[in-house]
Amino acid sequence: MQHIEIEDLSKIYTVDKLAINAVDHVSLKIGKGEFVSIVGHSGSGKTTFISMIGGIIKPSSGRILVEGNDICLLNDDALSEYRNRKVGFMFQFASLLPVLTARENLLLPGLFNGAKTSNDGKKAVEYLEMVGVGDKLNAYPSQLSGGQQRRVAIARALMNDPELILADEPTGDLDEETEGEIMNLFEKLNQEKKLTFIFITHNLELARHAKRQIRMTNGLIKEI
Amino acid sequence: MDKFNFLTVAIKNLRRKTFRTGALVFSIALLVCLMIFALSFVVSVSSGIKKTSDRFGADLLVVPVGARSNAEEFLLESKEASFYMPKSIIDRVRKIEGIEELTYQTYLTTISGLCCDIAPTRIIAFNQGSDFIVNPWLQKSLGRKLKKGEAIAGYETDYNLGFELLDVEKTIFNNKFKIVGVLDKTGTGLDNALFMDEENLNDIIASGKSPLKTGDISIIFAKLKKGLDPYLVGKKVEADIVEVDVVSRREMGGSLLNALKDINKIFLVSISMASILAVFLVWAIFSAIANERSKEVGIMRAIGAKESHIVRLFMLEVFIIAIMGSIIGIATGVSLSASLSRSFNILKDISASLSLIQHTVIAIAGLLVGFAVCVAGAMMPVNRIKKLEPLLAIKKE
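Going down the list, the sequences are from chains A and B. So the mapping is simple: our numbering equals the position in the first sequence, first residue as 1, plus 6. So the mapping is simple: our numbering equals the position in the second sequence, first residue as 1, plus 109.
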């Protein structure tokens, strides 16, 4: 069963009146529960590509069907609900809100869909324990190490039980040991929760964790 | 587990830069304070004048020619004044068509030491038989008419303020008077005077210490028959009796009200400029906040925040600033008005005071201005940030 079907997808940025094809007529199908890595040089269009799948940027042309529904046709509210309920984002930088504690950062997605704080509160504790930072519930991001912040961000991405996880270099600036632990966690989640994983990495070694590997060059994709 | 909602996030956001938040609250407080002070001043004076002219219950005030401003000063601003006309004018006024009821008063000012053992005080001698000005207050406070040799003090005199004793004999123009009580507050210039029946005037004149002559009166208060225009009847009185000037109820305090219009304009310009400045300040600070937080907004949008959620978050911050600023501004403005009113002669003289409703309306106006300024200033930056695509917001430096 196909989870995501991408048809002739393009994104053109205009910089100083110069059109740049960040993603150039890409078509791709990703099955439910697939674990996919995308590799490529900086500026190859990887971030733009998964951002379009995640609905945080609109394509210039093409279609993105998620479970058969074209997300490019959704209005802003519907697209926000899609991001909230169906997608878990992990960014290439520390993406926690600095004024909120680890637990409060996990409660944010629920805040945007009207979930009860009490239910989400228990879940937040469980997820923080699952990613190994259960003792940092009330710590602010500034009180956490880079690796701990990433773990909290991973827990947050899982809070609304998404079916799709999009991770943009989630281990970019972490040491090898933490990097390995996070990749193991991804694999575990993929296997246990049957989540579809698409993650971007520069690291070919890490990319091999994925069952399916895609290379992106100048906005074009190629299966490895 | 403690509660987590939009308000929690807004409060935490405001706390992250307390000095900046404090500066915003302070500027809104200053604006609201200025507005409350200005409104309190203007409303106090104008309503004081209106209340005074309404409370006299007369449609026309007839005074000696040239004494119009003296009469207004005496009645509105509690200033000392001596102006007299012959009592015979009362009958001439009574004959004018449209006059329904008349009464009159005679004004004197005591001179300390020479004739009197009281501080310089304004004396109002009135005719208890025809009076409709003082009697209602007298009945309420004393429950009977004043006898010869008795006087009753106005609400704002030393007798009510505890500087002088009641039920003691005082010498006024070489005549002994017993101060029998204090009138309730009228909110007019009458509050600063001592009242006695006109039958005492002959004895005062006999003392030779007052400028008053037998048969002199200061002012005639006239009520008109229903439906008549006081202005037109007043003109008729002036045309028929050349020795008098007439002030109609709506003209009373005209010169003060005209001066007040100018003060009003000055306040309006000052408040408008201060509001524009405050809007600009809120806009500048919220533009900076929106730029600083664009990455955070992008992250929130990426994890499912709708545009309305972003607006709600920012607007909660705006409302908190507006509420804090307005409340501080209202409290400061009210205190400032109360304390400064003692140093403004016009407010002291008019015995102007605001009712609870007027205070409430002014406070609500202050609150609304505080909110309007905050919302107007923050609207544009918030609209700009909410419209950014999440990825662009995240990448925006």
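Hints are not guaranteed to be accurate.
List time: in silico DMTMM-like cross-link candidates among lysine to aspartate or glutamate, alpha-carbon distance up to 20 Å [stated by the list, open to error]: (1) K129/A with D179/A; (2) K159/B with D349/B; (3) K335/B with E360/B; (4) K345/B with E360/B; (5) K196/B with E210/B; (6) K334/B with E209/B; (7) K404/B with E182/A; (8) K404/B with E132/A; (9) K370/B with E182/B; (10) K64/A with E498/B; (11) K64/A with E210/B; (12) K196/B with E308/B; (13) K112/B with E132/A; (14) K496/B with D83/A; (15) K279/B with D306/B; (16) K38/A with E198/A; (17) K332/B with D312/B; (18) K404/B with E229/A; (19) K496/B with E132/A; (20) K504/B with D22/A; (21) K504/B with E175/A; (22) K496/B with D167/A; (23) K504/B with E187/A; (24) K23/A with E13/A; (25) K322/B with E352/B; (26) K121/B with E308/B; (27) K404/B with E498/B; (28) K334/B with D349/B.
One side of the interface only, derived from the structure: several residues of chain B facing chain A at Cβ under 10 Å [what the hints assert, rightly or not]: (29) F115; (30) R125; (31) T127; (32) I412.
Derived from the structure by calculation, the hints contain no laboratory data. Heads up, the beta-carbon is just placed ideally off N, CA and C, and yes, glycines get one too.
Results of checking the hints against the structure:
The straight-line distance between the Cα atoms of K129/A and D179/A is roughly 28 Å, outside the 20 Å bound, and the hint therefore fails. In summary, the hint linking K159/B to D349/B is not supported, as the alpha carbons are separated by about 28 Å, beyond the 20 Å threshold. Proposed proximity of K335/B and E360/B is supported: the alpha carbons are some 19 Å apart, at most 20 Å. Taking the CA atoms of K345/B and E360/B, the gap is about 16 Å. The hint holds against a cut of 20 Å.
Annotation: proposed proximity of K196/B to E210/B holds, straight-line Cα distance about 16 Å (limit 20 Å). For a cut-off of 20 Å, the pair hint linking K334/B to E209/B stands: about 5 Å separates their Cα positions. Between K404/B and E182/A the CA atoms are separated by roughly 27 Å; this puts the pair beyond 20 Å, and the hint is violated. Pair hint K404/B plus E132/A does not hold up; C-alpha atoms about 28 Å apart against a cutoff of 20 Å.
Proximity of K370/B to E182/B is assessed by CA-CA distance (about 18 Å); at most 20 Å being required, the pair is judged to hold. Among the hinted pairs, K64/A with E498/B is consistent with the structure: their alpha-carbon atoms are about 8 Å apart, no more than 20 Å. Annotation: proposed proximity of K64/A to E210/B is violated, straight-line Cα distance about 84 Å (limit 20 Å). Between the alpha carbons of K196/B and E308/B the distance comes to roughly 14 Å, so the proposed pair stays at or under 20 Å and holds.
For the hint linking K112/B to E132/A, the alpha-carbon distance of about 18 Å falls within 20 Å, and the restraint holds. Between K496/B and D83/A the alpha-carbon distance is near 12 Å, which keeps this suggested pair within the 20 Å criterion. A threshold of 20 Å between alpha carbons decides the hint, and for K279/B with D306/B the separation of about 16 Å falls inside it, so the pair holds. Simply put, K38/A and E198/A have alpha-carbon atoms about 13 Å apart, close enough for the 20 Å limit, and the pair holds.
Between K332/B and D312/B the alpha-carbon distance is near 30 Å, which puts this suggested pair outside the 20 Å criterion. Our distance criterion of 20 Å between C-alpha atoms is broken by K404/B and E229/A, whose separation comes to about 33 Å. With a CA separation close to 35 Å, the supplied pair K496/B and E132/A exceeds the 20 Å bound. Between K504/B and D22/A the CA atoms are separated by roughly 18 Å; this keeps the pair inside 20 Å, and the hint holds.
Using a Cα cut-off of 20 Å, the hinted pair K504/B and E175/A holds, with the two alpha carbons roughly 15 Å apart. For the given pair, K496/B sits about 27 Å from D167/A by alpha-carbon distance, which is inconsistent with the 20 Å threshold. Annotation: proposed proximity of K504/B to E187/A is violated, straight-line Cα distance about 28 Å (limit 20 Å). Between K23/A and E13/A, the direct Cα distance comes to roughly 27 Å. Violation of the 20 Å bound is thereby established for this hinted pair.
Of the supplied pair hints, the one linking K322/B and E352/B holds, its CA atoms being roughly 17 Å apart against a limit of 20 Å. For the given pair, K121/B sits about 76 Å from E308/B by alpha-carbon distance, which is inconsistent with the 20 Å threshold. This hinted pair checks out: K404/B and E498/B have alpha carbons roughly 11 Å apart, not beyond 20 Å. For the suggested pair K334/B and D349/B, the alpha carbons sit about 19 Å apart, so the restraint of at most 20 Å is met.
Hint status for F115/B relative to chain A: holds, with the closest Cβ pair at about 7 Å, below 10 Å. With a cut of 10 Å, the hint placing R125/B at the interface with chain A holds, because the nearest CB-to-CB distance is about 5 Å. Look at T127/B: its Cβ only gets to about 12 Å from chain A, farther than 10 Å, so that hint breaks. Contact between I412/B and chain A, as hinted, is supported at the beta carbon level, the nearest pair being about 5 Å apart and thus within 10 Å.
In this structure, the earlier hints numbered 1, 2, 7, 8, 11, 17, 18, 19, 22, 23, 24, 26 and 31 are contradicted, and the remaining ones agree with it.
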